[in-house]
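Please arrange chain B on chain A, whose structure you already have, making use of the hints.
Number of protein chains: 2
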Amino acid sequence: MALTKPTVLSAAGTAVGLALVFNPQSQPIISCFGFSVLGAVATFHMIPKMGPLFIKVGLSGKDLLKKEKKVLPETMGAVVGLVYMFCLFFFIPFMFYQYLVTETSGAGNRDEGLEITVDPGDPGTIGRTLTKFPHNKLASYLSALLSLQSMFILGVADDLFDIRWRNKFFLPAIAAIPLMIVYYVDFGVTRIVIPHFIQPLFGNKSIDLGFLYYLYMAAVAIFCPNSINIYAGVNGLEVSQSLVIGLSILANDILYLARPHNLATESHLLSLYLVLPFLGVTCSLLYYNWWPAQAFVGDTYCYLAGMVYAVVGILGHFSKTILLFFLPQIFNFAYSVPQLFKIVECPRHRMPHFNEKTGLLEPSKAHFTKPPHPVVAFVLRTLGKLKLLGVYEEDGKLVAVSNMTLINLALVLGGPMREDKLTTVLLSLQLGVGLGALIARHTIATLVFGYDNI
Amino acid sequence: MALTKPTVLSAAGTAVGLALVFNPQSQPIISCFGFSVLGAVATFHMIPKMGPLFIKVGLSGKDLLKKEKKVLPETMGAVVGLVYMFCLFFFIPFMFYQYLVTETSGAGNRDEGLEITVDPGDPGTIGRTLTKFPHNKLASYLSALLSLQSMFILGVADDLFDIRWRNKFFLPAIAAIPLMIVYYVDFGVTRIVIPHFIQPLFGNKSIDLGFLYYLYMAAVAIFCPNSINIYAGVNGLEVSQSLVIGLSILANDILYLARPHNLATESHLLSLYLVLPFLGVTCSLLYYNWWPAQAFVGDTYCYLAGMVYAVVGILGHFSKTILLFFLPQIFNFAYSVPQLFKIVECPRHRMPHFNEKTGLLEPSKAHFTKPPHPVVAFVLRTLGKLKLLGVYEEDGKLVAVSNMTLINLALVLGGPMREDKLTTVLLSLQLGVGLGALIARHTIATLVFGYDNI
Numbered sequence: 013m014a015l016t017k018p019t020v021l022s023a024a025g026t027a028v029g030l031a032l033v034f035n036p037q038s039q040p041i042i043s044c045f046g047f048s049v050l051g052a053v054a055t056f057h058m059i060p061k062m063g064p065l066f067i068k069v070g071l072s073g074k075d076l077l078k079k080e081k082k083v084l085p086e087t088m089g090a091v092v093g094l095v096y097m098f099c100l101f102f103f104i105p106f107m108f109y110q111y112l113v114t115e116t117s118g119a120g121n122r123d124e125g126l127e128i129t130v131d132p133g134d135p136g137t138i139g140r141t142l143t144k145f146p147h148n149k150l151a152s153y154l155s156a157l158l159s160l161q162s163m164f165i166l167g168v169a170d171d172l173f174d175i176r177w178r179n180k181f182f183l184p185a186i187a188a189i190p191l192m193i194v195y196y197v198d199f200g201v202t203r204i205v206i207p208h209f210i211q212p213l214f215g216n217k218s219i220d221l222g223f224l225y226y227l228y229m230a231a232v233a234i235f236c237p238n239s240i241n242i243y244a245g246v247n248g249l250e251v252s253q254s255l256v257i258g259l260s261i262l263a264n265d266i267l268y269l270a271r272p273h274n275l276a277t278e279s280h281l282l283s284l285y286l287v288l289p290f291l292g293v294t295c296s297l298l299y300y301n302w303w304p305a306q307a308f309v310g311d312t313y314c315y316l317a318g319m320v321y322a323v324v325g326i327l328g329h330f331s332k333t334i335l336l337f338f339l340p341q342i343f344n345f346a347y348s349v350p351q352l353f354k355i356v357e358c359p360r361h362r363m364p365h366f367n368e369k370t371g372l373l374e375p376s377k378a379h380f381t382k383p384p385h386p387v388v389a390f391v392l393r394t395l396g397k398l399k400l401l402g403v404y405e406e407d408g409k410l411v412a413v414s415n416m417t418l419i420n421l422a423l424v425l426g427g428p429m430r431e432d433k434l435t436t437v438l439l440s441l442q443l444g445v446g447l448g449a450l451i452a453r454h455t456i457a458t459l460v461f462g463y464d465n466i
Numbered sequence: 013m014a015l016t017k018p019t020v021l022s023a024a025g026t027a028v029g030l031a032l033v034f035n036p037q038s039q040p041i042i043s044c045f046g047f048s049v050l051g052a053v054a055t056f057h058m059i060p061k062m063g064p065l066f067i068k069v070g071l072s073g074k075d076l077l078k079k080e081k082k083v084l085p086e087t088m089g090a091v092v093g094l095v096y097m098f099c100l101f102f103f104i105p106f107m108f109y110q111y112l113v114t115e116t117s118g119a120g121n122r123d124e125g126l127e128i129t130v131d132p133g134d135p136g137t138i139g140r141t142l143t144k145f146p147h148n149k150l151a152s153y154l155s156a157l158l159s160l161q162s163m164f165i166l167g168v169a170d171d172l173f174d175i176r177w178r179n180k181f182f183l184p185a186i187a188a189i190p191l192m193i194v195y196y197v198d199f200g201v202t203r204i205v206i207p208h209f210i211q212p213l214f215g216n217k218s219i220d221l222g223f224l225y226y227l228y229m230a231a232v233a234i235f236c237p238n239s240i241n242i243y244a245g246v247n248g249l250e251v252s253q254s255l256v257i258g259l260s261i262l263a264n265d266i267l268y269l270a271r272p273h274n275l276a277t278e279s280h281l282l283s284l285y286l287v288l289p290f291l292g293v294t295c296s297l298l299y300y301n302w303w304p305a306q307a308f309v310g311d312t313y314c315y316l317a318g319m320v321y322a323v324v325g326i327l328g329h330f331s332k333t334i335l336l337f338f339l340p341q342i343f344n345f346a347y348s349v350p351q352l353f354k355i356v357e358c359p360r361h362r363m364p365h366f367n368e369k370t371g372l373l374e375p376s377k378a379h380f381t382k383p384p385h386p387v388v389a390f391v392l393r394t395l396g397k398l399k400l401l402g403v404y405e406e407d408g409k410l411v412a413v414s415n416m417t418l419i420n421l422a423l424v425l426g427g428p429m430r431e432d433k434l435t436t437v438l439l440s441l442q443l444g445v446g447l448g449a450l451i452a453r454h455t456i457a458t459l460v461f462g463y464d465n466i
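From first to last, the protein sequence lines are chains A and B. Counted the way this note's numbering counts, the first sequence spans residues 13 to 466. Counted the way this note's numbering counts, the second sequence spans residues 13 to 466.
So here's chain A without its partners, still in its complex pose (with noise of 0.2 Å):
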């Protein structure tokens, strides 16, 4: 892996992030910022030293679509997984500063917000609780780690073993446990709130979803890592809509917090907390995998970035609106269901065709082993007409059609194009619609359902 060395640069980035870290304030924002600088340098200084290691063991895969097929080091999330799990573990103490330096000796006030306890048959043992702790937003955070260290260790075992989607499919409601417990202790809500102009439909504003709203949760908590690891296959597309995603993400709790007294302010923060150092190890990251690339990614990045946000949406209460900077990642998927309910057929991989004469990507076919069913033929004609799927006929029989991906679609309608062109076209989609997501909630939202709660 030729990489240029910019060791000032890293050092420079070193010294703010510590800088950051640690500064005078004790400001957890400004120190998470700082563990966001740091672990971007670290995931760059690291991923070209573990890249070799990883293909050692058998991490490795060939990047298809280029002439050389080279073979480029796998599962490079886990190095990313592992810098950003460092950065929140060494973040608690800062994130909790003001309630730690609370003086401890003297006399063990209660209103001082120290409670001691004593045993009497031990007087070794005099505890103390510190009453004024938020034990709450403690129990918050650690849920939230604990749950990305399950996808994380889910990923890994997926890059690993290639584990069967039955076996795995439900394996992130059990990592989000934690959160739902968290969630139904400090916060509970399970009514929502129904737009305006169907409002008469159900005789109230809102609807009480009860534990309907946790199963919703749970798929959320499936849904998102899935989605980010099916819409893949092209240099640097999982790492690139992760950091747009995140950055909208970013955007909508700035939004919040840019506003004092807001009662969604802390889980705003807690959501920023955990967002930010992850976008700054996903920099980094990007700097390997944007074309052509010098790693691979693997699903442990994939599943731990969309449980990042999914973690985020459900302690944040704001699981609803995270859907809508998945869009295209929903549209994917809805797209995608004919092939992967095998109503059409579906090739073991559905990644673009590399014209290898042209060095552009084309779209991949599904090619019909046997004749469609005649309404499946008729829509998937239907689509062909509307350019929302490539159709491929001899002797007016329909023989293939472009395989159901976002990724093939954007080559159906736009052409064949190099694979970093590609990337970028979906990428400003995916920015686009968090442009338009962001508006829609906080103004849009608004006339639909009567408020915004900012």
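Keep in mind that the hints were calculated from the coordinates and are not lab data. By construction, the Cβ of each residue, glycine as well, lies at the ideal position given by its N, Cα and C atoms. Certain hints may be false.
No more than 20 Å apart at the CA atoms, straight line, and that leaves these computed lysine to any residue pairs for SDA-like [unchecked claim]:
(1) B:K74 x B:D432
(2) B:K144 x A:T143
(3) A:K68 x A:K81
(4) B:K68 x A:S72
The calculated label-pair distances, taken between Cβ atoms and stated as ranges, are [as the list claims (entries may be wrong)]:
(5) A:L227 x B:V28: 24 to 32 Å
(6) A:F173 x B:L76: 25 to 33 Å
(7) A:A452 x B:V28: 50 to 58 Å
(8) A:C358 x B:S440: 55 to 63 Å
(9) A:A23 x B:L224: 28 to 36 Å
(10) B:V28 x A:P383: 50 to 58 Å
(11) B:F173 x A:G222: 43 to 51 Å
(12) A:Q37 x B:V28: 52 to 60 Å
(13) A:L447 x B:P105: 36 to 44 Å
(14) B:T143 x A:I456: 30 to 38 Å
(15) A:S38 x B:T143: 27 to 35 Å
(16) B:F173 x A:K369: 35 to 43 Å
(17) B:Y111 x A:I42: 32 to 40 Å
(18) A:N216 x B:P36: 33 to 41 Å
Same frame as chain A, but now just chain B:
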């Protein structure tokens, strides 16, 4: 992996486990026992299934102390660890059942354990907090899970990549950050009681170690996992020593819990919740790892086992008592120091020597490539005379010593023996130490420190 299939037993185990988990009294302690049973059954079934998959991805090792040198699956600790983590995740709602069933509808009176938070700008998000919910307990439990999962990841990484000592040595201390934060916030005791006979030296009954106590706890987190990992090399030893240590801790917990209205009840309950399921999965693992082993456990298991005990020691506020149960490991470490620090030659592996003719194990030797320093030679000869070391001379010159591990020492003292007998001997020692430690802790400690905290 040939294996009789006691399907009936498993079905019965599952039924009993489920009945215990969903016990009508909703007693967390009974549910926890149920999860241990379920964990044992799941581990029992998964190891033979996962073994071949692990061998396929290269996680395998030769059983060198046998004639056949069979290739066995390695890192079965990963399977055990996953099942264990699943048990701990699923246990969360059962652990807090009594707090979660608090009525959530109604007026939201603080006295009823509810606090309603209304955002005036957002009628849709009327949150509520279960004020009586023990957030501190949840935070403790989650911090434990997080530390355990971190060590699990470190273990798997070590099994995959064989990480260098200097790169992994301090990692357990980082994994222990959440534990130490919880310790600081909810207990904060850094004062240790000193024995009667040296109290005059300090002019006090106890001394406050302050920050040093946190360093001590970090050291415990580093020591426990590593000490189990280096006290290994013969079939079943890692697992059976962990089983005995776990049983000792369980007995200690029960001694506390049997006395009602004790301030230490909560912390020993937590210890029990963590240790019990671990013992369940450990029993099943031992079935496959006992001589002649059908599977190896890997660093993953050793690290996880050590961390379970470090975690309960720290969160249960008995991190000093825990070291009593680790006396064989401490001796093994201290005895190994001359080789670990290269004062005496240290070969790559120090496991016993397998005598192909007799089928028995003999002490393995460290051969001197150059004559040892006279002082070192004198000390080694003295140890030899005390029967604490095998010393091998040729023409009056020291040519080799037995490798300095407790395993080899047992062979020096007891003569050659078969692998399973060796494990049994070492296991008996561990059991004796455990019993002795329990007696010492609850009787002699009263004499030395002037009180017992039961």
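Structure-based check of all given hints:
1. Between the alpha carbons of B:K74 and B:D432 the distance comes to roughly 17 Å, so the proposed pair stays at or under 20 Å and holds.
2. Distance restraint check for B:K144 and A:T143: the Cα-Cα separation of roughly 14 Å lies within the 20 Å cut-off, and the hinted pair is therefore satisfied.
3. With a C-alpha separation of about 18 Å, the suggested pair A:K68 and A:K81 falls inside the 20 Å cut-off, and the hint holds.
4. For a cut-off of 20 Å, the pair hint linking B:K68 to A:S72 stands: about 16 Å separates their Cα positions.
5. About 29 Å separates the C-beta atoms of A:L227 and B:V28, a value consistent with the hinted range of 24 to 32 Å.
6. Hint check: A:F173 to B:L76, Cβ distance near 26 Å, so the stated range 25 to 33 Å holds.
7. Evaluation of the 50 to 58 Å hint for A:A452 and B:V28 yields a pass: the beta carbon distance comes to about 54 Å.
8. At about 59 Å, the CB distance of A:C358 to B:S440 agrees with the hint of 55 to 63 Å.
9. For the hinted restraint 28 to 36 Å between A:A23 and B:L224, the CB-CB distance of approximately 33 Å keeps it satisfied.
10. Taken as a hint, the range 50 to 58 Å holds for the pair B:V28 and A:P383, whose Cβ atoms sit roughly 55 Å apart.
11. Roughly 47 Å separates the CB atoms of B:F173 and A:G222, a value that falls within the hinted 43 to 51 Å.
12. The hinted range of 52 to 60 Å is satisfied by A:Q37 and B:V28, whose Cβ atoms lie roughly 57 Å apart.
13. With their beta carbons about 40 Å apart, A:L447 and B:P105 fall inside the hinted range of 36 to 44 Å.
14. A beta carbon spacing of about 37 Å between B:T143 and A:I456 agrees with the range 30 to 38 Å that was offered as a hint.
15. At about 29 Å, the beta-carbon gap between A:S38 and B:T143 stays in the expected band of 27 to 35 Å.
16. Between B:F173 and A:K369 the C-beta distance comes to about 41 Å, which sits within the given range of 35 to 43 Å.
17. Against the hinted window of 32 to 40 Å, the Cβ-Cβ separation of B:Y111 and A:I42 comes to about 36 Å, which satisfies the hint.
18. For A:N216 paired with B:P36, a C-beta distance near 37 Å keeps the hint of 33 to 41 Å intact.
In this structure, none of the earlier numbered hints is contradicted; all agree with it.
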